[in-house]
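Novice: Residue numbers (full-length UniProt numbering), protein chains in the order written: chain A, 1 to 499; chain B, 1 to 499; chain C, 1 to 499; chain D, 1 to 499.
It is possible that part of the hints are untrue.
Where chains are identical, the list cannot tell them apart; a pair therefore holds if satisfied intra-copy or between any two copies.
The calculated lysine-lysine pairs, modelled on DSS-like cross-linking and capped at a C-alpha distance of 27 Å, are [what the hints assert, rightly or not]:
1. K496 with K51
2. K496 with K127
3. K43 with K260
4. K51 with K260
5. K10 with K127
6. K89 with K496
7. K47 with K496
If you're looking for bench data, these hints aren't it; they were derived computationally from the structure.
4 protein chains.
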Amino acid sequence: MSEGKLTGAKVAEHNSKDSCWVIVHGKAYDVTEFLPEHPGGQKIILKYAGKDATEEFEPIHPPDTLDKFLDQSKHLGPVDMATVEQEEKEFDPEEADRQERISRMPSLEACYNLMDFEAVARQVMKKTAWAYYSSGADDEITMRENHAAFHKIWFRPRILVDVEHIDMSTTMLGTKCSIPFYVTATALGKLGHPEGEVVLTKASHQHNVVQMIPTLASCSFDEILDAKQGDQVQWLQLYVNKDREITRKIVEHAEKRGCKGLFITVDAPQLGRREKDMRSKFSDPGSNVQSGGDNIDRSQGAARAISSFIDPALSWKDIPWFKSITNMPIVLKGVQCVEDVLRAVEAGCDGVVLSNHGGRQLETARSGIEVLAEVMPALRERGWEKRIEVFVDGGVRRATDIIKALCLGATGIGIGRPFLYAMSAYGLDGVDRAMQLLKDEMEMNMRLIGATSVAELNPSLIDTRGLLGGHSGVVPSDTLGLRAYDPLEAPRFNEKPKL
Amino acid sequence: MSEGKLTGAKVAEHNSKDSCWVIVHGKAYDVTEFLPEHPGGQKIILKYAGKDATEEFEPIHPPDTLDKFLDQSKHLGPVDMATVEQEEKEFDPEEADRQERISRMPSLEACYNLMDFEAVARQVMKKTAWAYYSSGADDEITMRENHAAFHKIWFRPRILVDVEHIDMSTTMLGTKCSIPFYVTATALGKLGHPEGEVVLTKASHQHNVVQMIPTLASCSFDEILDAKQGDQVQWLQLYVNKDREITRKIVEHAEKRGCKGLFITVDAPQLGRREKDMRSKFSDPGSNVQSGGDNIDRSQGAARAISSFIDPALSWKDIPWFKSITNMPIVLKGVQCVEDVLRAVEAGCDGVVLSNHGGRQLETARSGIEVLAEVMPALRERGWEKRIEVFVDGGVRRATDIIKALCLGATGIGIGRPFLYAMSAYGLDGVDRAMQLLKDEMEMNMRLIGATSVAELNPSLIDTRGLLGGHSGVVPSDTLGLRAYDPLEAPRFNEKPKL
Amino acid sequence: MSEGKLTGAKVAEHNSKDSCWVIVHGKAYDVTEFLPEHPGGQKIILKYAGKDATEEFEPIHPPDTLDKFLDQSKHLGPVDMATVEQEEKEFDPEEADRQERISRMPSLEACYNLMDFEAVARQVMKKTAWAYYSSGADDEITMRENHAAFHKIWFRPRILVDVEHIDMSTTMLGTKCSIPFYVTATALGKLGHPEGEVVLTKASHQHNVVQMIPTLASCSFDEILDAKQGDQVQWLQLYVNKDREITRKIVEHAEKRGCKGLFITVDAPQLGRREKDMRSKFSDPGSNVQSGGDNIDRSQGAARAISSFIDPALSWKDIPWFKSITNMPIVLKGVQCVEDVLRAVEAGCDGVVLSNHGGRQLETARSGIEVLAEVMPALRERGWEKRIEVFVDGGVRRATDIIKALCLGATGIGIGRPFLYAMSAYGLDGVDRAMQLLKDEMEMNMRLIGATSVAELNPSLIDTRGLLGGHSGVVPSDTLGLRAYDPLEAPRFNEKPKL
Amino acid sequence: MSEGKLTGAKVAEHNSKDSCWVIVHGKAYDVTEFLPEHPGGQKIILKYAGKDATEEFEPIHPPDTLDKFLDQSKHLGPVDMATVEQEEKEFDPEEADRQERISRMPSLEACYNLMDFEAVARQVMKKTAWAYYSSGADDEITMRENHAAFHKIWFRPRILVDVEHIDMSTTMLGTKCSIPFYVTATALGKLGHPEGEVVLTKASHQHNVVQMIPTLASCSFDEILDAKQGDQVQWLQLYVNKDREITRKIVEHAEKRGCKGLFITVDAPQLGRREKDMRSKFSDPGSNVQSGGDNIDRSQGAARAISSFIDPALSWKDIPWFKSITNMPIVLKGVQCVEDVLRAVEAGCDGVVLSNHGGRQLETARSGIEVLAEVMPALRERGWEKRIEVFVDGGVRRATDIIKALCLGATGIGIGRPFLYAMSAYGLDGVDRAMQLLKDEMEMNMRLIGATSVAELNPSLIDTRGLLGGHSGVVPSDTLGLRAYDPLEAPRFNEKPKL
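Please work from the sequences and hints to get the whole structure.
Specialist: As structure tokens, this is what we get:
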């Protein structure tokens, strides 16, 4: 037995609700009193009572979690891991299949566009992680509409423009970026990759784009800041806590550490129901353990488990307070109609993100790009288009999507899931390639449209009539008629070779 | 042989048209003279002549049927069931498959939305029962359009509204309800569950919503009333009998027993052809044996068999008579264009239900929600929107559907089939969960839209442009071209693992 | 050897182009000189040179063909059929499969609508016959649009109308009919049934509807006339021959035999290419052998083979001549835009049929029902709606389709293929049931719409906005995105029963 | 060893980057110094270092390539091929499958329309060749829209027009053609057929249509010119070289050799990314080796490899220069909005081709036919419709497509891929039949529309409302609802024959 270390046997004695010890990263902790406060519920902790919980704990808690939320008196010190009984894992056929698929993964070079990363990630990610990232609200209609909406906008390119030199750089909230997209905030990065959000930090640096840091990150906020290089710029995405003091500390800390924008999420007074996520039976808590209580329904999936601290009472009245506590530009993330954009201007906000939260909140909410087409003419009509920066996210997969948003008048375009998928499947190299593919597409497409700089992109280059009719449907098919129809056939190949 | 009881052998002697006895619930009845009057035809009774018919009789006749329709002299008294020969049932592979599926049913907790109950019910219900509930008119285009129509309406949510406290209660016909939906009338509840409509009565009580009692219930009207608890409110749905005295008795009895609304069905002078139902070869009569005669075509499915008493001559001229016989509010159920809503106001009706009878009557009739969008502006234009309560039903599956109807101006939203499916698959617990899911969705979605009460829901929160173009179709596909097209592929996984 | 009869051996000697005899119905004919004149080509005759050709000849030639087109000197007299060598038929696996399917045909009672007959016919008809009936022009887009167009028109029914008594009779070209549809002309009835068009004659009589007799019938014109019963009314459909004297004789003969309407086909100066038909390798001639010549491409399918006599030079200048040779009302069949309807009025025509020839002629021609919506307002604007009767055909499968046309203002609705399919699958009983189903649907749907007679059907009962946008398409799908999407799933059934 | 010839062994010694010889058509060449200049990259050459490269070289280099680009001193003279070691080819299962399919190819007569050739070609072409021809930009939405757009335009045909004589000839850039389509320029003809573009030259002569000669042909320009017969007319498609002197020489040579039109491609400052092509791993260089350098990414597919010489700086300023160096009519190929057509008129161009490069360049660029509908009214409004000839290409598969373009006002219609597919599958006979099929369709459809000459085709004959709404989409489906729906079924056939 190693000196001064606890034995596995000793820890194993504390395997009940009455006395519950767990091992994390080789150290033991007494979590008996913490049990009822765990946002993810007691059940998942008790499963590991008296045992090593590292593997389960790791992906969804920032490393500073135990220091922050567990009194030092409960830190029991190192365990002689050699004495801890190894549990034999039950054979999981789904996991075995996944490992087999991973062994046959396509090479990164075979990914030619952002959808390709998603197609690969779907096969190689853990089921619960995939469900958390890929799910949307209700029937996921809005989630899919987000990308589909771009297909309602078509180009009116100009020819015979000298497009030898293309400059696709732009400026967002005072920061010069190499290309007008940014990495938008998405939760629980370690579900997809052991290093979590810092992978995105590194890729953002490589490509000189801005990263928006999520409140619900797997990495700690400071870890993500620490990963910043050179004059790299980051923004903070903020879920506002019911306890405004916690929020104040977060904001002030972010500004001190150099964040250049405060994006307040306004489309999530309550996090959405995502049935795919719920069905995947994921019930582990997220990392951002801001509040306690065990009265949340644990069967509601990851999204609900990690968001109980969010304040549904947040309102326009809070905006002046935010302006009083920070000098960072204030941007409302999740604005969904022109009325609220105009109000944001009047409230003195510096920007809005037209977004429906990746289709994860309100079903049949309109896509950001559709709202953008509604918003910009109203701003121009009032001469207000310079008073506020209008960002948009949701469904962006191609440089053509980015260009359409720019033609309408967007300042910057947020991209979330595609980089998560690239990261989950291929790590930093994946995100790097995803960004490079977008840049390649962007350069080419600007050439093909006949614009040499972002400033030259304007509404006359697009045809938006497809948005005018709203969301029309198609008459349900007459099954009997369709099935009785005998479709035409191409020439049939012979059954045997001709001689 | 038990004292004073008939023997099975004795009953079995009366096994022909000339002398036909049947056993129901351990008692024998002489139905010889009743045979030609049976609305479901003689054939189905003769199949059980001299035998125990309980299993066939039970699900589709209210318990008071024999007392009501068979003279006491034909009640032959108890049978010594030990002496009744047990028939061996023929092996039915479809039924065996169904039982096997039932043994593997998903747990109730796995149902996350109203469609889930339907998906389960489809697998575990008897084929004929499923066909009766799930079928619609002709090609079932209207039936499907009813839900699809909601997808043409999209949200324009407001942000930064304090939505901590959500009040989703409302008032319909003077009754305060916890949420603006009610259980609409649907026929033959015992096809789905042995207890029939009283299951819905109990669930409605648990959730403080109104139940509308159907004329064509499997339970007797009084059974459903008796199941009422506390100050629970029920309404009566009425098919008007050719014999108005029968109708008068029904209405007066309902009012006396406390019903708070009279919903006169006006979209069914003749019950629709539902081919799925007809094809399922269901030919048993319904419970509401109001009229006799055997001249109805038995191959027309359940709907036609049970509805021969309905009066196709019902007209606007009858409305004053209804107003003269009852003080209950009078609501026309099945109104389908603005002209008739205006006429209903003028006729002094208290409400209308914009409905196409669940897509079971007239094919390519418009959905209730589409008619609502036509009706409300016309009412508002005349300042009549307070003179009449406008209900709507058909295709409601999500709280977002309910909210869209409320935004347009509906007072209440009827839901039928989803609760039948929940009941058929999981009984009372199923209906309870279905209602709870709707409440959970409703609370969340009102938050996400930025409305704290039903009164705050208004047309500016929705985009209804998708309804403007009517019902456009898509050009039939060019099969040859589509098949010759070689679709893009995602990266292929390798055939063998990399080494 | 029977006295006075030819032997099979004798006939078999004449088995070449130089001397070609064939046996039909037990008689021999010398067709050597006729060979080059055969509209269906020499090849198919030479296949039977010296042999019994009855089975091949029968379905596609009217019985008077040989008398009409072969000089009496070539009629060689009866053959002793006992001496004719029986050819063993090659085993045809497709035909064997078809016979097996026929043995398992659903009973007629299982057909609940007109599509059902088509579904059965597709399985039990000979491939070439099915291809001839079911094929359309080019990609068959117009053929399918014909039915789909009805789904763009939705109902605005009226409630509380006394609909106990429904009168669906109407008058077309002076003839009272029981219901406002007629049997429109379709070619080659014997492909579907050995008795050919007279089956339709009998069914039309049973249901008191008008039959339009086709120029290209399998039965002779007089056979069809002879099958008429009582005061049954028939019309003549006319393809105009390059030789106007032939046309004059046909018209005069039809009028003399009591035809009550002359429908001149104007949408077929050349019969369409129908690739399904061509691909089925059908190359036999039709019955109406009006002209000779062998320069037609035999690989063009049945339609082209039988239509070489049609005059592509037919023009408005011919109308006065038609008026001069007959007192029958003159109706132009195949009018496709409002301009030509107005011109028809001015030319003194009694009617038009808005039709695209069942989608068999010009691809992406509009449906008759769409043209009707264009035509009627223009007629009413000029007060001309009584000056001409407007018929419509194409894609009618449901009584709702008929009612929509009547609401728009049509006088009568032609139905073709559905009756052919009913006849092909079930003979006269099939057509009888098809017509009865339409009547049942019609009665019910008029009740549900709130109209008691054809006269009450009017434009306010329908919503035609779906026609306003023309023929819009849908953006081609993004395959990669769709395939990467992971669709929602219903609750999964357990793999094993719960214990 | 044959006298004066090199031996295989000798050549095989030079099998490295330092000394690299290859054999082509029995002659050896020293390409050591050329290696870095090869547009297709060094790798593909080095694969054949010291070996016979004929089979690889042949399909994608014009025969004069070596003479043009390799100094005579590097031409090492004939090789005694008997001494060259034969490499055994590795068994390629995909190629074996293809050969098997070729052995069962449908006969040419089974192709009834242009799609049929595509369906056959897809099965019998080499994968890389198929990928190069069939691929489009990004998600290939525009590529498919090109054909689909024609389905948004429907006909309004006129009846009773004497259409016995149809004249479908027309005049383009002063040349009388038999029918208003031309063979548009497409690259790398030898991928599909060993003879390459001259096959199209021959077919164009047979049918009296114009051929546009591509810059990126597999055959040399002069070979294609040499194949011209009689007064056959050809045009030149031009990619403009960064080195204008090269361009000048090409233009002057073309004019001298009799080309009658100069089509300057303006929609391709950079050749598009075609992922299907890239995925097929095709990396061989095209024939038109105008510039060197090895800095192009070889994984970008054929399109990128062969186009590095194209000048992205080409602009309106270059037009006067072109007018100064040639008397050929100047046509801009790839114009995509009305503004640029008007500018082309003002710049003195003789024509424009409304085209998106077959959907191979900018994704969600509008189809040529849609742009045509935008352009012609603007030209007519200004009275400019005679000042410029408007051509259109993209997605043309049917004569109806051609006729729609003519009705809108097009002078001529370009067809590319369909002829490539016909050539690839069936050689000259295939192209011949494809053209004949179009002529047959054209003649028939003009009859059916009621137009006897191209001049009679006008906008009143078509309904273009389907284009007005832009590119609308459909709401994404609700998977759960759709899957829970139980579709209607046709009558079921019995399991066993009836007795």
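Novice: Each hint needs a verdict: does it hold in this structure or not?
Specialist: How the hints compare with the structure:
Taking CA atoms no more than 27 Å apart as the test, K496 paired with K51 passes in neither setting, with 67 Å inside one copy and 31 Å between copies. Taking identical chains as interchangeable, the C-alpha atoms of K496 and K127 lie at most 27 Å apart only when they sit on different chains, with a minimum of 22 Å there against 46 Å within one chain. Taking identical chains as interchangeable, the C-alpha atoms of K43 and K260 are never at most 27 Å apart, the minima being 40 Å within one chain and 48 Å between chains. With identical chains, the CA atoms of K51 and K260 are never at most 27 Å apart, being 43 Å at best within one copy and 62 Å at best between copies.
With identical chains, the CA atoms of K10 and K127 are never at most 27 Å apart, being 35 Å at best within one copy and 60 Å at best between copies. Taking the shortest Cα distances, K89 and K496 sit within 27 Å of each other only across copies (23 Å), while inside one copy they are farther apart (54 Å). For a Cα distance limit of 27 Å, the shortest separation of K47 from K496 across copies, 25 Å, qualifies, whereas the shortest one inside one copy, 64 Å, does not.
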